[in-house]
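Chemist: With the hints as a guide, bring the two chains together.
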Amino acid sequence: MSTLSFKSVSLQYPIYNANAMSLRNQLVRIGTGGRIGSDTRNIVTVSAIDNVSFELKNGDAVGLVGHNGAGKSTLLRLMAGIYAPVSGQVVSKGSIATVFELGAGMDTELTGYENIVRMLMLLGHSQLTAKQCIPDIEEFTELGGFLNLPVRTYSSGMMMRLMFAVATSIRPSILLIDEMFGVGDAAFHEKAQLRMHKWISEVDIFVFASHNHDLIKKLCNRVFRLDHGKVHEESMCNFLE
Amino acid sequence: MNLFIRDLIFSFRRMPFVWHMALGDTRARYKRSFLGPLWMTLGATIGVVGLGLVWSSILNQPRAELIPSLTIGLLLWQFISACINESSTVFVRNASVIRNVKTPFFIFPLQLLIRHLIGLLHNSIIIIVVLIVYPPPVISSVMILSLFGLILVVLNLLWMIMLLGMLGARFRDLEQIISAFMPIVFFLTPVIFKADQIGLNSSIIWLNPFTYFMSLVRDPLYGRVPSLTIYLVTLLIMLLGWLLTMYFFNKRSARLAFWI
Numbered sequence: 010m011s012t013l014s015f016k017s018v019s020l021q022y023p024i025y026n027a028n029a030m031s032l033r034n035q036l037v038r039i040g041t042g043g044r045i046g047s048d049t050r051n052i053v054t055v056s057a058i059d060n061v062s063f064e065l066k067n068g069d070a071v072g073l074v075g076h077n078g079a080g081k082s083t084l085l086r087l088m089a090g091i092y093a094p095v096s097g098q099v100v101s102k103g104s105i106a107t108v109f110e111l112g113a114g115m116d117t118e119l120t121g122y123e124n125i126v127r128m129l130m131l132l133g134h135s136q137l138t139a140k141q142c143i144p145d146i147e148e149f150t151e152l153g154g155f156l157n158l159p160v161r162t163y164s165s166g167m168m169m170r171l172m173f174a175v176a177t178s179i180r181p182s183i184l185l186i187d188e189m190f191g192v193g194d195a196a197f198h199e200k201a202q203l204r205m206h207k208w209i210s211e212v213d214i215f216v217f218a219s220h221n222h223d224l225i226k227k228l229c230n231r232v233f234r235l236d237h238g239k240v241h242e243e244s245m246c247n248f249l250e
Numbered sequence: 310m311n312l313f314i315r316d317l318i319f320s321f322r323r324m325p326f327v328w329h330m331a332l333g334d335t336r337a338r339y340k341r342s343f344l345g346p347l348w349m350t351l352g353a354t355i356g357v358v359g360l361g362l363v364w365s366s367i368l369n370q371p372r373a374e375l376i377p378s379l380t381i382g383l384l385l386w387q388f389i390s391a392c393i394n395e396s397s398t399v400f401v402r403n404a405s406v407i408r409n410v411k412t413p414f415f416i417f418p419l420q421l422l423i424r425h426l427i428g429l430l431h432n433s434i435i436i437i438v439v440l441i442v443y444p445p446p447v448i449s450s451v452m453i454l455s456l457f458g459l460i461l462v463v464l465n466l467l468w469m470i471m472l473l474g475m476l477g478a479r480f481r482d483l484e485q486i487i488s489a490f491m492p493i494v495f496f497l498t499p500v501i502f503k504a505d506q507i508g509l510n511s512s513i514i515w516l517n518p519f520t521y522f523m524s525l526v527r528d529p530l531y532g533r534v535p536s537l538t539i540y541l542v543t544l545l546i547m548l549l550g551w552l553l554t555m556y557f558f559n560k561r562s563a564r565l566a567f568w569i
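Top to bottom, those sequences are chains L and V. Those letters in the first sequence? Residues 10 to 250, per this note's numbering, in order. Those letters in the second sequence? Residues 310 to 569, per this note's numbering, in order.
Extracted from the complex, chain V is given alone in its bound form (with noise of 0.2 Å):
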């Protein structure tokens, strides 16, 4: 059987492992200080409220728009870009689990990925707050579509992290330049700004995957549909980045416990 898929199904049977071992990671940051991962929520909090005061008086914009757009957007950028900046070394960290005992590869990337997705459910509190001070105009159903388009943003994020593990155990400089490029990404990210905003000379903001993100998880809480672009886009990169990934993980992993 194709050993990408079997990785895949063996991760997913110990999905209980992986979780148990994500929650513990969390637990060890609750150790460590009394607020534990609520450290990064107050982080978070700070950024924003003084980013919207900024940015709300420079962009000339009112803060009940610009600021519930800005939290959004910051905390699921923050969430992105912990997880890609940390995937090039995924496998290192790993180094002494791979190395002794015969396990899926996939339950590294699984475990990068959960331990984010519970900092952002620890960050979402800040949404809550920021969604009762400046409530959305209307309330729909649409709502429930930012759901679907975390979905799918963690399916893509799932890809990235493999594909990037990899190459970060081989070519050890990729954590180094990942880091130099993340921050020029975050400004072609629309998080402060809108992608409207921008006009006419958008196209390099559209070449970006991580603007179609944004849109999937954030316009739906404002009651706008993701246009059927966003979504076939995002579909085409995720099925794209997945065969990619399988076939250098086909071609590759068997020397995956080498190079670390």
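The shape of chain L in the complex, shown without the other chains (with noise of 0.2 Å):
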């Protein structure tokens, strides 16, 4: 039984300029009292998520829609624990997987096995769990000899192939999803898309945030808006007319 809720949860986080980056002139500032230092001080806060409750069961698989910087990513990274919480609580029962920017940990130097392993234990696997995925993984990148090779001599549609399939080899309760991405050729798209779907099938709570409303259509059964950090539930019939 997995579960994932918030509790009235607010982020805001600070976006720093050049100066404010800087230990030296911070030095300057205190130095200087603050005074003429003052116009260096442009720290720009973003309220990202404001108050937002919600209460996921097993079952769920919620899209995400909204425009950009509707704070769609920011919401996905809070669920993961990545973010932590300005205010408010983020409760999360069961393993979580996340798919935001793929390849985390990749080192081109190290070839394309050597890369799975590293990978995978990066996502929680031991190394002797990470090495029974191997097989699996080739046969579906169809990569053959080319894992034997630095990752850094692959185009980067082998690269994609490798980074989706290590991704999708993860065996999470809760699988979050930013963003639909084109993998490969016709032909493997198609395989892909066929791995992915078996994938969130498998899940207990589904998060996914796209831009793409058929494939919500398609893979979701509840819909949420974000709208300038809030968050309204549509109910599935409105949003399909």
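I should point out that these hints are in silico values taken from the structure, not numbers from a laboratory. Be careful, since some hints might not be right.
Below, a sample of chain V positions facing chain L; criterion: calculated Cβ distance under 7 Å [claimed, not checked]:
1) Lys411
2) Leu565
3) Phe567
Keep in mind that this is a model prediction, so the values were computed, not measured. All C-beta atoms in this analysis are idealised placements derived from N, C-alpha and C, irrespective of residue type, glycine included.
Modeler: Here's what the structure looks like:
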């Protein structure tokens, strides 16, 4: 049984300009009493998520919609525990996997095989279980002998195949995905879609941020609309129209 | 539970991963070149031989005395300064991981430390060769204390990397500030000379924590037990440093993902 609940969660984060990121300038500011230097403190605070509450249970597949900068990615990172809320509480039960930017922890000097183990271990596998995933990834990526070569020799499509295969070989109970990505050529794309859908159907809770409404209709059973850091749940019927 | 303690516990649970990453980094360096990290060892050897020959005549000291102490000092300094120099970017360089996967923060300083420990292990070949060519006057069980000293040094470096890493993520010019100051710290650390050669004006040398680290590792190899003061000061630095790091971490670590 997996759950994911937000209790009046708010998150503001600062965006620093180059001056505010300089220790030298900060020290000068203190040294001059902060009067002349008051202009250098250009810290903009973004209120990304504003008093959001909801509860997700087993079987929930949520589509996150909203225009660019509405806070979709921030909300996903809060769900994953990568960002900590400024106020409120995020409580999750169950193992979480995220697909935001692919290829975290990849070292292009190392071979495909070494990178598979490395990335899987980063995602929480032990070395042994990571190695057990290799045959499946070998078969899916169709990279063959290339897996023995350093990843820097791969084309971007090949790299994408590898990263996608690694990301989808995790078995989480809560899955968070930010925007679907195009994977390789047409024939492979279909294969990737199939693997993706199978993967999604196996998890307890699924959250998916996307601009592609058709895909959301196909994959999700609840829809959250984000607007200026607020979350409104839309009924699926309204959304379909 | 205390955020800091929890992060430490979770990080140590992921030690196999940290080892794997550090070994992978080392292996990647072997791939780029035939000698790999041994290039560093070669560079260090040339440095030790060159400096040993020059300084033994300048300082008017017998080579058999200077070269071993210089070797150990120089290699230990290389290890310490590499850790400190890279500390400020330890989180920035791992931004893609931190922003995409939920991981405890301490695994990154640990990875940095272990990678450089592996480098030190490579370089210890030189120490062994030098100790064979210029054997220490007495071989005693005191030498084990050197290993204990190294552990104390590593425990101190860990909090330093964490603290500087957090500061370096928030203030990006810290990297330049550190690399500007490290050469001065080198001259204030008894690497080439010995702390007791300076005479009475050595108080500034003893204000430098790295002086203590040097004694802890180097002195026992010559059968000298570092004085109790040196141990106490090191332990005090360690205690205060960890408390300071814990304070900063508990206050600021939630913001770290935004800084990078």
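Chemist: Compare the structure with each hint and give your call.
Modeler: Cross-check of the supplied hints:
A cut of 7 Å between beta carbons decides the hint on lysine 411 of chain V: the least distance to chain L is about 5 Å, and the hint holds. This hint is violated: leucine 565 of chain V has a C-beta 9 Å from the nearest C-beta of chain L, more than the 7 Å allowed. Interface restraint check for phenylalanine 567 of chain V: the shortest CB-CB distance to chain L comes to about 5 Å, inside 7 Å, so the restraint holds.
Checked against the numbered hints above, the structure violates only hint 2.
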